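K.L.:
Taken in sequence, the protein lines are chains P and C.
Using this note's numbering, the first residue of the first sequence is number 123, and each one after it goes up by one.
Using this note's numbering, the first residue of the second sequence is number 27, and each one after it goes up by one.
Keep in mind the hints are simulated off the structure, nothing from the lab.
Keep in mind that a hint or two might mislead.
Listed next, the in silico EDC-like pairs over lysine to aspartate or glutamate satisfying Cα-Cα at most 16 angstroms (straight line) [as the list claims (entries may be wrong)]:
{"id": "1", "chain 1": "P", "residue 1": "Lys444", "chain 2": "P", "residue 2": "Glu209"}
{"id": "2", "chain 1": "P", "residue 1": "Lys247", "chain 2": "P", "residue 2": "Glu209"}
{"id": "3", "chain 1": "P", "residue 1": "Lys412", "chain 2": "C", "residue 2": "Glu397"}
{"id": "4", "chain 1": "P", "residue 1": "Lys518", "chain 2": "C", "residue 2": "Glu312"}
{"id": "5", "chain 1": "C", "residue 1": "Lys380", "chain 2": "C", "residue 2": "Asp391"}
{"id": "6", "chain 1": "P", "residue 1": "Lys518", "chain 2": "C", "residue 2": "Glu302"}
{"id": "7", "chain 1": "P", "residue 1": "Lys444", "chain 2": "C", "residue 2": "Glu397"}
{"id": "8", "chain 1": "P", "residue 1": "Lys360", "chain 2": "P", "residue 2": "Asp284"}
{"id": "9", "chain 1": "C", "residue 1": "Lys291", "chain 2": "P", "residue 2": "Asp522"}
{"id": "10", "chain 1": "P", "residue 1": "Lys421", "chain 2": "C", "residue 2": "Glu312"}
{"id": "11", "chain 1": "P", "residue 1": "Lys198", "chain 2": "P", "residue 2": "Glu148"}
{"id": "12", "chain 1": "P", "residue 1": "Lys518", "chain 2": "C", "residue 2": "Glu288"}
{"id": "13", "chain 1": "C", "residue 1": "Lys217", "chain 2": "C", "residue 2": "Glu238"}
What the simulated footprint calls covered on chain P by chain C, stretch by stretch (three residues with Cβ under 8 angstroms from a Cβ of chain C suffice, anywhere in the stretch; the number is not a length) [to be verified]:
{"id": "14", "region": "361–370"}
{"id": "15", "region": "401–413"}
{"id": "16", "region": "426–432"}
Far from chain P, some chain C residues (derived; all Cβ distances over 12 angstroms) [said to hold, decoys possible]:
{"id": "17", "residue": "Arg43"}
{"id": "18", "residue": "Lys69"}
{"id": "19", "residue": "Asn131"}
{"id": "20", "residue": "Pro140"}
{"id": "21", "residue": "Ala203"}
{"id": "22", "residue": "Arg309"}
{"id": "23", "residue": "Gln358"}
{"id": "24", "residue": "Gln398"}
What you are looking at is a predicted structure, and each value in this text was computed from that prediction instead of being measured.
We treat Cβ as the ideally placed atom computed from N, Cα and C, and that holds for glycine.
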Amino acid sequence: MSELKTSDTESAELETFRNETRAWLEANCPPEMRKPATSDADVFWGGRNAKFSSEPQRIWFERMRDKGWTVPDWPKEYGGGGLSAAEHKVLRAEMARIGARPPLSSFGIWMLGPALLKYGNDAQKREHLPKIAAGEIRWCQGYSEPNAGSDLASLQTRAESDGDDFVITGQKIWTSYANYADWIFCLVRTDPTAKKHDGISFILFDMTSKGVTTKPILLISGYSPFCETFFDGVRVPKSHVVGTVNRGWDVAKYLLQHERAMISGMGERGVGRPLGQIAADSVGTDTQGKLDDAMLRGKIASFDVDEAALAACAERAVDLAKAGQAHPAFSSAMKYYGTELNKRRYEILMSAGGVDALEWESERSRQGARPRAWLRTKANSIEGGTTEVMLGIVAKRILDLPGA
Amino acid sequence: MALVLTEEQSMLRDSARGLISDKAPVSHLRHLRDSKDPTGYSKELWHSFAEMGFAGLLVPEEFGGSGLGYVEAGVVMEEIGRTLMPSPFLATSVVAASALNRGGNAAQKSEYLPKISNGSLLATLAIDEGAKHRPLQTSLQAVRAGNGFKLSGAKALVVDGHVADLVIVAARTAGAAGERDGLTLFLVNPKAKGVAIERTIMVDAHNAARIEFANVEVNADSVLGEVDQAASLLDGVLDIGRGAVAAEMVGLSDEVFNRTVEYLKSRKQFGKLIGEFQALQHRAAELYVDIEITRAATMKALQALDADVAKATSAVAVAKARAGTTATRAVQEGVQMHGGMGMTDQFDIGFFMKRARVCEELFGDANYHTEQLARSRGY
Chain P
123 MSELKTSDTE
133 SAELETFRNE
143 TRAWLEANCP
153 PEMRKPATSD
163 ADVFWGGRNA
173 KFSSEPQRIW
183 FERMRDKGWT
193 VPDWPKEYGG
203 GGLSAAEHKV
213 LRAEMARIGA
223 RPPLSSFGIW
233 MLGPALLKYG
243 NDAQKREHLP
253 KIAAGEIRWC
263 QGYSEPNAGS
273 DLASLQTRAE
283 SDGDDFVITG
293 QKIWTSYANY
303 ADWIFCLVRT
313 DPTAKKHDGI
323 SFILFDMTSK
333 GVTTKPILLI
343 SGYSPFCETF
353 FDGVRVPKSH
363 VVGTVNRGWD
373 VAKYLLQHER
383 AMISGMGERG
393 VGRPLGQIAA
403 DSVGTDTQGK
413 LDDAMLRGKI
423 ASFDVDEAAL
433 AACAERAVDL
443 AKAGQAHPAF
453 SSAMKYYGTE
463 LNKRRYEILM
473 SAGGVDALEW
483 ESERSRQGAR
493 PRAWLRTKAN
503 SIEGGTTEVM
513 LGIVAKRILD
523 LPGA
Chain C
27 MALVLTEEQS
37 MLRDSARGLI
47 SDKAPVSHLR
57 HLRDSKDPTG
67 YSKELWHSFA
77 EMGFAGLLVP
87 EEFGGSGLGY
97 VEAGVVMEEI
107 GRTLMPSPFL
117 ATSVVAASAL
127 NRGGNAAQKS
137 EYLPKISNGS
147 LLATLAIDEG
157 AKHRPLQTSL
167 QAVRAGNGFK
177 LSGAKALVVD
187 GHVADLVIVA
197 ARTAGAAGER
207 DGLTLFLVNP
217 KAKGVAIERT
227 IMVDAHNAAR
237 IEFANVEVNA
247 DSVLGEVDQA
257 ASLLDGVLDI
267 GRGAVAAEMV
277 GLSDEVFNRT
287 VEYLKSRKQF
297 GKLIGEFQAL
307 QHRAAELYVD
317 IEITRAATMK
327 ALQALDADVA
337 KATSAVAVAK
347 ARAGTTATRA
357 VQEGVQMHGG
367 MGMTDQFDIG
377 FFMKRARVCE
387 ELFGDANYHT
397 EQLARSRGY
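Hey, can you work out the whole structure from these sequences and the hints?
P.N.:
Structure, rendered in structure tokens:
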């Protein structure tokens, strides 16, 4: 009985939190922020040079920041909301209910923050986490190199010891938004004689440091979200290493779990209009009101089944983590499936749009938003570890198959 | 509600698994099949089920049941799926018990539910008539006759139909095939005059029957729920059955998968364990992810049923559709990766393939439920 009472009290408290959250969101989320972002300008990334694209965007960001809800589950001392996992789930559900956009998008939130919370020292946490929470510093990720893609641990960017500093020389590639970022979290080789996983360190530095240059890469979408990033004798204090020198691979892998969780959630699941209705607008319907393309209708319906099932699995993954039952490599499973599903979504959207989805430059097509987004999704199953690498990780670490 | 089992549910799973893996491994099914057992299940095991409170798992405590929910029923179904145990649990304890509990009047409940709980009464739902599951197409006729009705028509894939003591028959009292209005459920004694039952030996060696009704007389008290208005009751009962079968398919898929992964780790060819080959590793990994996603979708559906049966339809459609495609993939990969051994009757893998095929047809296949989801979303 006592157990029952505790859980009753807990659920009553959670219900109170839900009601308060719902009321607060209703009162504070501007109507313009209650629909999905349709272009990059709709997304607020923060940073030293950040500009708001609209007044509602500013208001929404500032109100959420002041509550600590840019990072709802981080400790309050670092600018977070201090919410429990259950409360965080409620907040997400309530935001989804009204279609509220995330107030701040940030690699600091999705990737570096969790790694710093686990591996950072006090000084690093106090220095960096509040600025991430407040959107003051925009981060980029220095992982891949021209000859270290799927085989990331073979990276060659070197950091040579010189007194209290490391001097960093080398090249990164696919550095997302490096040209807009203020700081970088970067993998560098601090011991070239060790085995490849054992000589890597995880280090943080300012992108305005002397010797850092970036060069955007034009992609098939016509956009340049990624850069080549060059380091020519960049001097970085050794105190900027996160975790232990030469043990950076542990930090890197932990961060990758979060990156993969982030990418698997990139598809705009369950928001906006159902795919079938979007398709019906352009394809038309038959006399029974069914989408007038039976094969496409079937593909969309199968997609909807898989999307709803994946959403349940994502929810379960969070619940398992909370219960301490999660497999650390499960984010690789989610990353593989979520990205393949997002590619399916855009193949369907292109098919549904037909000729209209082919326009690349026009007001009517919002400068080819759909075909560009379609092409962008092709990177989903490559970035952050390819589908093939993910399946290899599942085979080796979860299924324990030999020699993988 | 978190999508993980509670401590109590985990304990239930452990005790169900203990009993089932001990008393009814796959060899139990094999024995029933090979000995041509006339009942197709073990009475003794069914009594153990009743003693453990499983037979009346969904029955309220006031009728001698355990008063548990659909998540708990799913937990037991998943364990049944692991060993393919032929059991009256699905037809009697899940489907019929739900129909009686949700649709029955006080007299019907107190007559039947205690007997279901103590294991003395087997019951089943007779719904399908054609080759495919199309509940609204029901055309078995029930015409008013005196104080009661006369039933005429035929049913197929009646689970446990030849051993049931009570058959719940979906019939048409008005309207035409395809219409929601005009459906009525009847409680029919299978020994009544005019009932002809043919046990159908199925590919999976589980129990099913075809039943013909030739002017079968039933009195007015045998109507379950409202005359002409059974569609909503039926929707709920079928969704409960679908959730339960999805759980069975998750257990079945998981077991096939585990056996297959073990085989990949022990079978050598070309001087290597075949599990070292990337072609097989990636297929195994994809299947693992499929099963985990389907497991989550099924748990979501069962929780939705516990929250409100009437609002669970979409979640159930997702779960049963996913369970169908996942189990089909699991058993096909299971046979393929076991190579020639997978084709032999001596090996158990084939039993899983056969049962998966039957589960896929039970209460609507993946195509049916995918179609339902599309309709519910208005395209």
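K.L.:
Now tell me if each hint is right for this structure.
P.N.:
Now the hints, each set against the structure:
{"no.": "1", "hint": "P:Lys444 to P:Glu209", "in the structure": "holds, 12 angstroms"}
{"no.": "2", "hint": "P:Lys247 to P:Glu209", "in the structure": "violated, 23 angstroms"}
{"no.": "3", "hint": "P:Lys412 to C:Glu397", "in the structure": "holds, 11 angstroms"}
{"no.": "4", "hint": "P:Lys518 to C:Glu312", "in the structure": "holds, 13 angstroms"}
{"no.": "5", "hint": "C:Lys380 to C:Asp391", "in the structure": "holds, 15 angstroms"}
{"no.": "6", "hint": "P:Lys518 to C:Glu302", "in the structure": "holds, 10 angstroms"}
{"no.": "7", "hint": "P:Lys444 to C:Glu397", "in the structure": "violated, 35 angstroms"}
{"no.": "8", "hint": "P:Lys360 to P:Asp284", "in the structure": "holds, 9 angstroms"}
{"no.": "9", "hint": "C:Lys291 to P:Asp522", "in the structure": "holds, 9 angstroms"}
{"no.": "10", "hint": "P:Lys421 to C:Glu312", "in the structure": "violated, 20 angstroms"}
{"no.": "11", "hint": "P:Lys198 to P:Glu148", "in the structure": "violated, 23 angstroms"}
{"no.": "12", "hint": "P:Lys518 to C:Glu288", "in the structure": "holds, 14 angstroms"}
{"no.": "13", "hint": "C:Lys217 to C:Glu238", "in the structure": "holds, 12 angstroms"}
{"no.": "14", "hint": "361–370", "in the structure": "violated (count 0)"}
{"no.": "15", "hint": "401–413", "in the structure": "holds (count 6)"}
{"no.": "16", "hint": "426–432", "in the structure": "holds (count 6)"}
{"no.": "17", "hint": "Arg43", "in the structure": "holds, 17 angstroms"}
{"no.": "18", "hint": "Lys69", "in the structure": "holds, 37 angstroms"}
{"no.": "19", "hint": "Asn131", "in the structure": "holds, 32 angstroms"}
{"no.": "20", "hint": "Pro140", "in the structure": "holds, 27 angstroms"}
{"no.": "21", "hint": "Ala203", "in the structure": "holds, 17 angstroms"}
{"no.": "22", "hint": "Arg309", "in the structure": "violated, 9 angstroms"}
{"no.": "23", "hint": "Gln358", "in the structure": "holds, 18 angstroms"}
{"no.": "24", "hint": "Gln398", "in the structure": "violated, 9 angstroms"}
Against the hints set out earlier in the document, violations occur for numbers 2, 7, 10, 11, 14, 22, 24.
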